[in-house]
Amino acid sequence: MNLQEFLAMEETRDRERDELIDLRGLDLISEYDSHLMCPICHCPFVEPVRLQCDHVFCASCLSSAITTFRSADSEEFPCPSCRNPVQTVSANVPRLLINMCDEIRVRCPLIAEGCEEIIPRGHVQSHVEKYCGYRLVPCPDASCDQVTRSKDVGMDQKCIHTVRRCSRCEGDVLEQEYEEHEKELCPVLEVTCSDCQTVLSRGALAEHVETCTEVAIPCAASKYACPVKIRRADIATHEQSCPLVATGPYFEAQNARLNSLELSVRHLQQRNEIFEDGIANIRSTLGESARIAASAHGGAQATQTGREQQATRAESNTDDPADIAASIFSSNATTYLLSLHESLREEVSQLSHAITDLDARASMAIMNESMRIKEDMAHTNAALNSVRMQVQWLINPRLHQGTRGAVRTNTSNEEPSAAGPSQSSAQSLGHLRPRRSSDSGREGTKL
Amino acid sequence: MFATKRLSKMQEHLPPGIAIVKSDNLEEWQMDIKVLDENPLYLNQTYRLKFTFNNKYPIEPPEVQFIESPASSGTPRSIPMHPHIYSNGIICLDLLGSAGWSPVQTVESVCMSLQSMLTANTRDERPAGDKEFIATNRRRIRDIKFVYEDDDV
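Chains as they are written, first to last, in the UniProt record's numbering: chain S, 1 to 447; chain Z, 1 to 153.
Some clues are possibly wrong.
Pair by pair, the computed Cβ-Cβ distance ranges are [as the list claims (entries may be wrong)]: (1) Glu28(Z) x Asn259(S): 31 to 39 Å; (2) Arg271(S) x Gly100(Z): 47 to 55 Å; (3) His353(S) x Thr136(Z): 18 to 26 Å; (4) Lys34(Z) x Ala246(S): 53 to 61 Å; (5) Thr136(Z) x Glu129(S): 55 to 63 Å; (6) Gln52(S) x Leu14(Z): 29 to 37 Å; (7) Cys193(S) x Leu14(Z): 55 to 63 Å; (8) Pro76(Z) x Leu97(S): 46 to 54 Å; (9) Leu14(Z) x Val348(S): 45 to 53 Å.
Covered, in the sense of this in silico footprint (three residues per stretch, anywhere, with C-beta under 8 Å from a C-beta of chain S), are these stretches of chain Z [stated by the list, open to error]: (10) 58-70; (11) 101-111.
In silico negatives: residues of chain S with every beta carbon more than 10 Å from chain Z [claimed, not checked]: (12) Ile118; (13) Cys186; (14) Glu239; (15) Val245; (16) Leu261; (17) Arg291; (18) Thr380; (19) Leu394; (20) Ile395.
Hints listed in this document are in silico derivations from the structure and should not be mistaken for laboratory results. Ideal Cβ positions, reconstructed from N, Cα and C, are used throughout, including at glycine.
Build out the structure end to end from the sequences listed, making use of the hints.
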């Protein structure tokens with residue numbers, strides 16, 4: 001199928017997935033081959049699909065990758081693994097691969113409810129839906145709105161959330177806990193103390209253990225490593241002779257002292273850090289001021305002094321802090337000058353770039369302008385030519401008329417009807433012609 | 001969604017020269033990387049990377065940049081010199097942009113790409129316009145429009 005079909009299919013399947021168990025969130029028990037891992041989600045494949053280039057991904061991983069990486073509605077998409085363009089997605093993945101993924105052992109997702117079953121991943125859905133006894137189902141009694149584990153719903157389908165009164169201790173117990181309560185927890189039940197063998201009720205046991213003389217308890221100095229743990233009856237005699245009990249108060253005082261010392265050390269460390277920061281600040285401002293001074297004195301001098309200072313340092317090689325500071329300043333000054341030089345050089349190269357750019361642009365502009373002017377001139381020439389032609393044309397009939405007029409004066413009174421139309425036609429021609437040629441001239445200039 | 005598992009799975013076996021510094025949450029990780037060969041620019045140096053993931057990882061790329069760490073912290077870290085690494089740690093690398101990213105990549109693979117990017121470099125310099133970039137850039141790394149001009153470094 002092509003990408004569009006695949007995305008449409010994934011969209012419908014996505015809605016179904018909301019009701020299914022998220023296989024990626026499962027707790028995997030068995031080791032699995034790293035080739036079964038989807039390179040996008042790094043989990044064993046879930047509904048794997050295959051691309052033309054033979055790379056396999058989970059269907060949902062691939063669809064989210066396609067929607068993100070495909071350029072708007074194109075037919076192609078680069079494979080996330082090899083970046084080859086891909087047009088089709090195939091759901092036809094070897095059965096072997098799917099089986100291997102489904103075989104991976106996982107813990108039942110209802111472990112929080114108490115299910116400790118370990119099942120193949122392919123069976124998780126059916127296990128949770130049908131077989132897991134820890135799945136929560138609504139209470140079979142329609143009037144009760146609580147949920148219960150499916151294994152607790154007995155054959156009789158009765159509600160186990162009703163309160164029942166214990167026949168012995170008169171306490172209120174939930175129906176679902178009643179059995180356990182009756183057998184083990186009811187405070188009226190009789191138990192024996194494991195140390196002194198006294199038989200007493202469960203409710204009183206805790207109180208009895210606190211006072212029972214037979215119960216073994218640790219020495220009071222156990223926190224100072226006294227290993228003794230004996231019957232309560234004998235502990236008093238031990239504590240009188242135990243050296244650790246005697247030194248107990250001393251230890252306690254020492255502990256308190258240690259604590260307070262630790263606290264003050266931490267405090268001092270903090271202060272030390274603050275001071276160190278301050279010193280670093282001062283040092284940097286000093287360095288800067290030296291740099292400013294150096295730049296004010298001019299580069300050559302500064303480098304010279306720097307060299308001198310370096311030389312003196314090499315000679316004396318003392319640990320005098322002032323000397324070290326001076327050498328730091330001088331080296332700062334030289335590095336500053338070097339950087340200044342570097343930045344100037346950069347600026348110069350930038351400027352030369354800009355200049356060549358400008359040059360190119362100016363010559364381009366000039367060329368454009370001259371071309372236009374040349375064209376204009378050609379047009380003007382054409383117009384001029386047409387005007388000249390027009391003028392010549394105008395002059396021609398005039399000359400013609402002049403010669404004819406001379407002839408006509410002789411015969412004017414004889415043939416007025418013949419001269420009239422010829423004159424008017426010449427006049428009308430004279431009106432028409434110039435206009436047309438001037439029109440063409442104007443057209444020429446327009447072009 | 002599934003990024004959680006994917007991130008937490010990595011910690012077991014790391015390639016040489018790569019170490020996790022901080023991975024206690026799933027928004028930000030820090031990694032230390034070393035250049036393994038004899039490149040004199042990065043000899044015996046360790047650099048720290050900060051990965052910031054959003055909730056769409058691995059479909060969308062993480063934000064990755066070098067970070068500095070002062071000497072007083074016990075692990076001094078600097079920003080490596082490279083013509084594609086700005087002095088504030090921002091890296092110009094196509095596979096970290098949304099166009100070059102592929103969801104198949106991992107924190108490990110990104111670290112290894114950066115290792116090889118450093119290994120191959122011989123130029124002890126910052127990108128052109130480094131100072132202006134640092135002074136003016138207030139955008140998030142994701143939104144910067146890089147032009148990937150040379151492919152040889």
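The hints, checked one at a time:
For the pair Glu28(Z) and Asn259(S), the beta carbons lie near 34 Å from each other, so the given range of 31 to 39 Å is met. Between Arg271(S) and Gly100(Z), the C-beta spacing of about 49 Å keeps the proposed range 47 to 55 Å intact. With their beta carbons about 21 Å apart, His353(S) and Thr136(Z) fall inside the hinted range of 18 to 26 Å. Separation of Lys34(Z) from Ala246(S) is about 57 Å and conforms to the stated range, judged on CB atoms against 53 to 61 Å.
Against the hinted window of 55 to 63 Å, the Cβ-Cβ separation of Thr136(Z) and Glu129(S) comes to about 59 Å, which satisfies the hint. Remark: the range hint 29 to 37 Å for Gln52(S) to Leu14(Z) is upheld by a beta-carbon distance near 34 Å. At roughly 56 Å, the beta-carbon separation of Cys193(S) and Leu14(Z) lies within the given 55 to 63 Å, and the hint holds. Taking 46 to 54 Å as the suggested C-beta distance range, the pair Pro76(Z) and Leu97(S) conforms, at roughly 49 Å.
The given range of 45 to 53 Å is respected by Leu14(Z) and Val348(S), whose C-beta atoms sit roughly 48 Å from each other. For the region 58-70 of chain Z, the stated coverage by chain S is satisfied: 3 residues place a CB nearer than 8 Å to a CB of that chain, which reaches the threshold of 3. Under the rule that three or more residues need a Cβ within less than 8 Å of chain S, the assignment of the region 101-111 of chain Z holds, with 4 such residues. The Cβ of Ile118(S) sits about 19 Å from the closest Cβ of chain Z, beyond the 10 Å cut-off, so the non-interface label holds.
Non-interface status of Cys186(S) relative to chain Z is upheld: no Cβ of that chain comes within 10 Å, the nearest being about 45 Å off. Non-interface call for Glu239(S) relative to chain Z: holds, since the shortest CB-CB distance, roughly 46 Å, exceeds 10 Å. Here Val245(S) stays apart from chain Z, with its beta-carbon at least about 43 Å from theirs, past the 10 Å limit. Non-interface status of Leu261(S) relative to chain Z is upheld: no Cβ of that chain comes within 10 Å, the nearest being about 23 Å off.
Non-interface status of Arg291(S) relative to chain Z is upheld: no Cβ of that chain comes within 10 Å, the nearest being about 17 Å off. Every Cβ of chain Z is farther than 10 Å from the Cβ of Thr380(S); the closest lies at roughly 49 Å, confirming the non-interface assignment. Listed as outside the interface, Leu394(S) is consistent with that label: its C-beta sits roughly 68 Å from the nearest C-beta of chain Z, beyond the 10 Å cut-off. Every beta carbon of chain Z lies more than 10 Å from that of Ile395(S), the smallest distance being close to 70 Å; the non-interface claim holds.
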